[in-house]
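Enquirer: Residue numbers (full-length UniProt numbering), protein chains in the order written: chain A, 1 to 198; chain B, 1 to 647; chain C, 1 to 98.
What the hints contain is simulated information worked out from the structure, not anything from laboratory work.
Hints are not guaranteed to be accurate.
[Stated by the list, open to error] With beta-carbon atoms standing in for the labels, derived distance ranges:
#: 1; chain 1: B; residue 1: Arg475; chain 2: A; residue 2: Thr164; range: 56 to 66 angstroms
#: 2; chain 1: A; residue 1: Gly162; chain 2: C; residue 2: Val74; range: 32 to 42 angstroms
#: 3; chain 1: B; residue 1: Tyr402; chain 2: C; residue 2: Ala85; range: 23 to 33 angstroms
#: 4; chain 1: C; residue 1: Val81; chain 2: B; residue 2: Asn559; range: 38 to 48 angstroms
#: 5; chain 1: A; residue 1: Ala104; chain 2: C; residue 2: Val81; range: 28 to 38 angstroms
[To be verified] Taking lysine-lysine and the DSSO-like style, the derived pairs with C-alpha atoms no more than 27 angstroms apart in a straight line are:
#: 6; chain 1: B; residue 1: Lys635; chain 2: A; residue 2: Lys14
#: 7; chain 1: B; residue 1: Lys642; chain 2: A; residue 2: Lys14
#: 8; chain 1: B; residue 1: Lys635; chain 2: B; residue 2: Lys567
#: 9; chain 1: C; residue 1: Lys38; chain 2: A; residue 2: Lys61
#: 10; chain 1: A; residue 1: Lys170; chain 2: B; residue 2: Lys134
#: 11; chain 1: B; residue 1: Lys53; chain 2: B; residue 2: Lys39
#: 12; chain 1: C; residue 1: Lys64; chain 2: A; residue 2: Lys14
#: 13; chain 1: A; residue 1: Lys195; chain 2: C; residue 2: Lys64
#: 14; chain 1: B; residue 1: Lys445; chain 2: B; residue 2: Lys370
#: 15; chain 1: B; residue 1: Lys134; chain 2: A; residue 2: Lys14
#: 16; chain 1: B; residue 1: Lys134; chain 2: B; residue 2: Lys635
#: 17; chain 1: B; residue 1: Lys366; chain 2: B; residue 2: Lys561
#: 18; chain 1: C; residue 1: Lys64; chain 2: A; residue 2: Lys170
#: 19; chain 1: B; residue 1: Lys134; chain 2: C; residue 2: Lys64
#: 20; chain 1: C; residue 1: Lys64; chain 2: B; residue 2: Lys215
#: 21; chain 1: B; residue 1: Lys37; chain 2: B; residue 2: Lys134
#: 22; chain 1: B; residue 1: Lys356; chain 2: B; residue 2: Lys370
#: 23; chain 1: B; residue 1: Lys562; chain 2: B; residue 2: Lys215
#: 24; chain 1: A; residue 1: Lys89; chain 2: C; residue 2: Lys64
#: 25; chain 1: B; residue 1: Lys562; chain 2: B; residue 2: Lys370
#: 26; chain 1: B; residue 1: Lys208; chain 2: A; residue 2: Lys170
#: 27; chain 1: B; residue 1: Lys215; chain 2: B; residue 2: Lys569
#: 28; chain 1: B; residue 1: Lys635; chain 2: B; residue 2: Lys561
#: 29; chain 1: B; residue 1: Lys215; chain 2: A; residue 2: Lys14
#: 30; chain 1: C; residue 1: Lys64; chain 2: B; residue 2: Lys208
#: 31; chain 1: A; residue 1: Lys14; chain 2: B; residue 2: Lys208
#: 32; chain 1: B; residue 1: Lys569; chain 2: B; residue 2: Lys642
#: 33; chain 1: B; residue 1: Lys302; chain 2: B; residue 2: Lys635
#: 34; chain 1: B; residue 1: Lys574; chain 2: A; residue 2: Lys14
#: 35; chain 1: B; residue 1: Lys53; chain 2: A; residue 2: Lys14
#: 36; chain 1: B; residue 1: Lys215; chain 2: B; residue 2: Lys561
#: 37; chain 1: B; residue 1: Lys445; chain 2: B; residue 2: Lys356
[Claimed, not checked] Away from chain C, derived, C-beta distances all over 10 angstroms, residues of chain A:
#: 38; residue: Lys89
#: 39; residue: Val107
#: 40; residue: Phe109
Idealized CB from N, CA, C, for every residue including glycine.
Single-letter residue listing:
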Amino acid sequence: MASHTSTPLEYSTKQNEMNILGFWIFLGAEIVLFSTLFASYAVLEGSTVGGPAQGEIFVLKDVLIETFLLLTSSFTMGLALHQMRDNNKTAMLVWTVITLLLGAGFVYFEINEFIHYVHEGLTMQTNAFGSAFFTLLGTHGLHVSLGIGWVLMLIIQILRRGITAVTARKFFIVSLYWHFLDVVWIFIFTFVYLKGLM
Amino acid sequence: MDLSNFFVTGDPLILGSQIAIGLTMVGLVVLITYLKKWKWLWEEWFTTVDHKKIGIMYIIAGVLMFFRGGVDGLMMRTQTSRPNMEFLDAQHYNEVFTTHGVVMILFMAMPLLIGIINVVMPLQIGARDVAFPKLNALSFWTFFVGAMLFNVSFVIGGSPDAGWTAYMPLAGKEFSPDIGNNYYAIALQIAGIGTLASGINFIVTILKMRAPGMKLMRMPMFTWTTLVTSVLIVAAFPILTVALAQMSLDRIFGAHFFTVAAGGDPMLWLNLFWLWGHPEVYIVVLPAFGMFSEVIATFSRKNLFGYATMVLSIVGIAFLSMLVWVHHFYTMGNSAAVNSVFSITTMMIAIPTGVKIFNWLFTMRKGRIKFSNAMLWSLAFIPCFTIGGVTGVMLAMAAADYQYHNTMFLVAHFHYVLIPGVVFAVFAGLYYWWPKMFGFKLNEKIGKWHFWLFIIGFNLTFMPMFFIGLDGMSRRMYTYSESTGWGPWLLLSAIGAFILAAGFAALVYNIYWSFRYASRDIGGDPWDARTLEWATASPVQEYNFAVVPEVSDHDEFWNMKKAGRTKIKREDIKDIHMPSSSGIPILFSIALGIVGFFLVFEWITLAAIFSVLIIAGLIANSFDYDDGYHIPAEKVWETERKWRGDL
Amino acid sequence: MLKRQFPLNHVVGFLLSIVLTILAALVAMQTDFASNIKMWIIGTLAVFQALVQLIMFMHITEGKSGQINIINIVYSVFLAVVIVAGSIWILTTGHAAH
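Sequences are here, hints too, so could you generate the full structure?
Expert: What follows is the structure, given as structure tokens:
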């Protein structure tokens, strides 16, 4: 069975190998992109003129819920990939759907969180802190939303075509993307929320 | 946006251009329809994923943009040719220097270099295409749509006018309420996507698709510079993406990244702009270094001197280039520590650059130099670029920079860096690789006119700026009084600019003449060159290599010729896999352009509605399982026999 | 036919990330260290957690390009440090300090 040979299916062709490497390099670019957003936030976080400060609006409980949703989704995504490598399509899809639900839960809570901030008087237009905050968080949230759509596309393709070299590669790449967003969130959690609450 | 301001009106110059642009476009459409070429254009060019054709499209676009940026330059020099000249008003002058800068850097230098890389690099490493051919087409079309969107600003809505650096707060909504700077933010964003994709594409191509035996340290120098430039693209362009997004949010959605009143920091823009902008200089100059290396080695009939130190210095330049950005704004009032550190890193860049200059000189030493046009440009590059480099070291000293900052001295400096460093290289590269692309050489005699007019014009235009800059003339001044005494210098500069333009015209004539009359019987290797791209036909077969060569050392094609290993055998030829053409890249890019256009005009609802097209493009691409096709070995054999003669 | 092992890697990674998250929250909210010391501690915890994701979930070292991947990520992290630390240094000292 293909999945038990030494190289997993997603690495089985030259083109697949190149696509995966290309995506890793894209993630390098994403690291730079998010660093720039973090740098802007770090420079502007004190500019809370005319609006609430971080400590007045951040709610640790909500942030922790979002964090655990995303961490768990990263874990279930890993399990889905594990099942893919076992060539177990049904289990793979079950874990993928769970991942999607957790991701959607994250987005739901984040939108609620944003609505809460708007009620507290912080929007992107309030001050420089608001601009930097919503841009950083919004970029991450947009990435997650895009990821949900992307995974949906792949579920359809795997249902239709099964686990092939091409679908396995595509799924492996989306799993990298998903884990990467989790990594970004860890830094948002630490350097935006915890720092703001301290 | 008031619709009555939709078209730019008022100035007879602009009205004339609008009519000219309108007529040209109608004329083109009529001509293509009359010649029944739409289908051919769509199938052979618009949907192509062939790296060579994409490269050629980049080069055509780059040359057109060179013309546009050049006209901007001529208008500036005409306006300043005499004191109190009344050719352009202040607003128009602002727009012209802004578009000149943006067009020349992003829509001239970048596409010309990426175009030549596209054509040459896969051939140099013995590959049949780039790693992601469809993505490559997407890169071109997003660049092209971005460039066109930017150029539309000239006739619809108004051009950006805050300089190519678009410094805040000047470029913000408060001080530039017109939509010109929206064009800047959106068009550059769209073009930037393509550049980032190119960077990733080239890195994977070079790392994964080299011919067997071609270790990294056996790659041709141009391929090395492409690799390092691509790494810099991936490192720097996301920063521009964020900076432009912040600018768009500030201008279109009322955010406050750069508005002081709401706690924003205009210097954040400068910081991010140059975090991208400085590496950008090296992104354009490194491939140029690679081209000179190839040309100098070929026409000195020697291998490149100091290959390893050359590689090391390229990597060193790239590493340092991420650590020098503050030298563009020493005068913002940084602490002494900041300015000192960046002063030192900036000066350190001169070391690897100097190493390269000496490597080129030593390559020529005792070589049998052949003064072809490509070689002439490389020879002229060395002294001109050195002037640019040395004045750069002057500017690197933070304390002294307070005197030079934003004067014409700076303008002279970066033109002495970028014109020899990029434009001369592109000319050298075009003369050198033209036969590979089109199957005929450019005429050497007309090329001499091009060369001498351009070199004389270039020095006449920019040398005076050093002196008036030291005399206190700041950049971007649209007029001055006679008592300044700058009049004669600037007149000389204007005359130089027109000689420069005559040089460019000579190039255009050369292309026309050579296309009509030049010999098509030039074989695969007209220069007796050294690297693998010359092992193919001129113009190159669509599959590049019938049999992928095995590489044993540097300058593999030279070794093959010496050892008589250039022939191929029928039994080595197998069916060749090729990627299929795709309409997705061009359609997707057009969708980006439409959404971008609405964003420029701040028509948010329309932009949101048409974003559906972008998402549709992504979905269509996700479901595209086209696996390409094969060229049968028999057909390959026939093609090879045709250009090689009897085997 | 061999059945693949229990996904131990993933479970350990998941538990580690939960523990590290809670630890960071506790350090930030419940301790009395000076705030810059707290930042160093939770920053370090974040880096650890990122490493857990990279190695245990993203299989960074896998495939023929493992080495390139590592160089790529190390270089990107270097850039991240340059961008973040550089921007803070440049924009919050000097003119901004007055």
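Enquirer: Which constraints among the numbered hints does this structure fail? Numbers only, ascending.
Expert: Failing hints, ascending: 7, 13, 33 and 37.
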